[in-house]
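Below are the chains, spelled out letter by letter.
Number of protein chains: 2
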Amino acid sequence: MSLIVVGSMAFDAIETPFGKSDKIVGGAATYIAWCATNFTPVKQISVVGGDFPKEELKALSARGVDLDGVQIKKDEKSFFWSGKYHMDMNTRDTLVTELNVLGTFQPVVPDSFQDCEFLMLGNLAPSVQLSVIEQLKTKPKLIAMDTMNFWMDIAMTDLEKVLAKVDVLLVNDSEARQLSGQYSLVKAAAEIFKMGPKYLIIKKGEHGALLFHDKKVFYAPALPLEEVFDPTGAGDTFAGGFIGYLAKTKDISFESMKTAIIVGSAMASFSVEKFGTQRLREINKTDIDERIQEFVQLVNFDISLV
Amino acid sequence: MSLIVVGSMAFDAIETPFGKSDKIVGGAATYIAWCATNFTPVKQISVVGGDFPKEELKALSARGVDLDGVQIKKDEKSFFWSGKYHMDMNTRDTLVTELNVLGTFQPVVPDSFQDCEFLMLGNLAPSVQLSVIEQLKTKPKLIAMDTMNFWMDIAMTDLEKVLAKVDVLLVNDSEARQLSGQYSLVKAAAEIFKMGPKYLIIKKGEHGALLFHDKKVFYAPALPLEEVFDPTGAGDTFAGGFIGYLAKTKDISFESMKTAIIVGSAMASFSVEKFGTQRLREINKTDIDERIQEFVQLVNFDISLV
Numbered sequence: 001m002s003l004i005v006v007g008s009m010a011f012d013a014i015e016t017p018f019g020k021s022d023k024i025v026g027g028a029a030t031y032i033a034w035c036a037t038n039f040t041p042v043k044q045i046s047v048v049g050g051d052f053p054k055e056e057l058k059a060l061s062a063r064g065v066d067l068d069g070v071q072i073k074k075d076e077k078s079f080f081w082s083g084k085y086h087m088d089m090n091t092r093d094t095l096v097t098e099l100n101v102l103g104t105f106q107p108v109v110p111d112s113f114q115d116c117e118f119l120m121l122g123n124l125a126p127s128v129q130l131s132v133i134e135q136l137k138t139k140p141k142l143i144a145m146d147t148m149n150f151w152m153d154i155a156m157t158d159l160e161k162v163l164a165k166v167d168v169l170l171v172n173d174s175e176a177r178q179l180s181g182q183y184s185l186v187k188a189a190a191e192i193f194k195m196g197p198k199y200l201i202i203k204k205g206e207h208g209a210l211l212f213h214d215k216k217v218f219y220a221p222a223l224p225l226e227e228v229f230d231p232t233g234a235g236d237t238f239a240g241g242f243i244g245y246l247a248k249t250k251d252i253s254f255e256s257m258k259t260a261i262i263v264g265s266a267m268a269s270f271s272v273e274k275f276g277t278q279r280l281r282e283i284n285k286t287d288i289d290e291r292i293q294e295f296v297q298l299v300n301f302d303i304s305l306v
Numbered sequence: 001m002s003l004i005v006v007g008s009m010a011f012d013a014i015e016t017p018f019g020k021s022d023k024i025v026g027g028a029a030t031y032i033a034w035c036a037t038n039f040t041p042v043k044q045i046s047v048v049g050g051d052f053p054k055e056e057l058k059a060l061s062a063r064g065v066d067l068d069g070v071q072i073k074k075d076e077k078s079f080f081w082s083g084k085y086h087m088d089m090n091t092r093d094t095l096v097t098e099l100n101v102l103g104t105f106q107p108v109v110p111d112s113f114q115d116c117e118f119l120m121l122g123n124l125a126p127s128v129q130l131s132v133i134e135q136l137k138t139k140p141k142l143i144a145m146d147t148m149n150f151w152m153d154i155a156m157t158d159l160e161k162v163l164a165k166v167d168v169l170l171v172n173d174s175e176a177r178q179l180s181g182q183y184s185l186v187k188a189a190a191e192i193f194k195m196g197p198k199y200l201i202i203k204k205g206e207h208g209a210l211l212f213h214d215k216k217v218f219y220a221p222a223l224p225l226e227e228v229f230d231p232t233g234a235g236d237t238f239a240g241g242f243i244g245y246l247a248k249t250k251d252i253s254f255e256s257m258k259t260a261i262i263v264g265s266a267m268a269s270f271s272v273e274k275f276g277t278q279r280l281r282e283i284n285k286t287d288i289d290e291r292i293q294e295f296v297q298l299v300n301f302d303i304s305l306v
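These protein sequence lines map, in sequence, to chains X and D. Counting from 1, one number per residue, gives the positions in the first sequence under my numbering. Counting from 1, one number per residue, gives the positions in the second sequence under my numbering.
Note that these hints are calculated values from the structure, not bench results. Heads up, a few of these hints could be off.
The list makes no distinction among identical chains, and a pair is therefore deemed to hold if it is satisfied within one copy or across any two copies.
Claimed, not checked - Quick list of in silico lysine-lysine cross-link-like pairs, DSSO-like style, CA-CA up to 30 Å:
id	residue 1	residue 2
1	K54	K161
2	K274	K216
3	K137	K161
4	K248	K84
5	K58	K215
6	K141	K54
7	K73	K250
8	K73	K54
9	K23	K54
10	K194	K74
11	K23	K198
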């Protein structure tokens, strides 16, 4: 049940209609790790600067995150992103992006990570994602990747190389449309399958998520919430729940993936309740089980009534 | 199992990215009737001009629609709407609105309609909706209403009077937000319950629909389709499936309403496959049963795996 997570570990400064955070710990791999460790240990591959809090690394380590693959560049600064969300929370303005250590990141897979069965490639330059895949001596049982429109705009050739090697792609609806050139998500899935992935997960924020495989489709709802306090990291948390569940069960059937995206949706619904990774640090197994039961109630209907 | 449907019967001219229709038969009550008659007979209350096709009235009559409540104003013209959809199909531009007979519509409930148990108020001026409720000597078992932002802008006082008398409100997400002054749909539901309705259905187009009642919520997905050819009337078709199913079963429990919005969603997924009411005229019980099974597959997951 070994899981490698690759992605950024960073600082975020976030403004939402409900408040403003200081510079807090964020980054795709941070969210994925905080979430996935509810289900399985994590082997982390990332890079941080000397400014990244030692306590955060200690907390992750105590949580079951093997940090042997995290490079610490003492004299450099960690990746920093600052953004502002509007009322609809589906769009955001980037205010600041400072790549810092991420600009020159060359991932190194430690020998002790070579037994990896599950690989989660968080959103990063496709060349970095590809480098990790190529360093693995044995192909993992399942490779899942996240990406974004930015890489489709500036690094499509690299992105196509990674897509050819992965099993599961996670993107949002506008990214699926951009990548495929198809407006219909059903047609978009068919196009994306030609590029390599056998499974496509389309994240739609408050509108839930779709899982496509072959001609099959599954719809996981999002839990309607009183307040979405901070959507930062919701997609990464979703990915962490998805891959964490699969790594725990080692079952990569379509049926298992359906349950895995419900788990991902449940975890994402926690993540948005507070700023940053705060809520993910508080919840326990009982909270998670209860939230998953809410999803069962949310979609369960009696077909015998029809 | 008597169901009264109130709403427009009209002409539409529709332009979508996939084509353009001539002036075809449309109107909320037309869609609702074509859909609901799959489940129960319909007693229709509406108004048309002398230009409304006799064959359409005959076809509806043959289908089980009692037209005694449909006024025919020989020397006047039917309501006409023309609109254009863009690629995302969730927004549309209105090109032409000619109220014609609808501008002076005074609904009259025939005596033979007085035994009505279910009342579906399609989108119309709230004063017209209210007039129908007030003409009924016995309160129906269930009153459901549709409305739109337009009436919130120009006839809020009338709208509040109708809301106070209905059990179920059907609106889209932006309308729920406008009506309640709340962005969160959970909070919007709580506000709208204070206005009268005990059930709130929020239609989100390709993102499905939510059913709120008390503190409970249910999420019905929309079926991902290769092509949404013409979304006109999808919301009315949804309402027709919802109320038709309830009128058939006479079960107005929350459990039954969950199944009813799945039925509504399934019917709406047919409606958008062709221009106007064409697809609704073609389908039979087997098609409907198969489509509902697709919805079961779409949301069904194995919780025992968690």
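Evaluation of the provided hints:
1. K54 / K161: Close neither inside one copy (36 Å) nor across copies (62 Å); limit 30 Å.
2. K274 / K216: between (35 Å within a copy, 23 Å between copies)
3. K137 / K161: Close inside one copy (18 Å), not across copies (71 Å); limit 30 Å.
4. K248 / K84: The answer is neither: 35 Å in one copy and 50 Å across copies each exceed 30 Å.
5. K58 / K215: neither (45 Å within a copy, 41 Å between copies)
6. K141 / K54: neither (33 Å within a copy, 65 Å between copies)
7. K73 / K250: neither (35 Å within a copy, 69 Å between copies)
8. K73 / K54: Result: close within a single copy only, 13 Å intra versus 80 Å inter.
9. K23 / K54: within (15 Å within a copy, 69 Å between copies)
10. K194 / K74: neither (43 Å within a copy, 58 Å between copies)
11. K23 / K198: Neither way: K23 and K198 sit 38 Å apart in one copy and 44 Å across, limit 30 Å.
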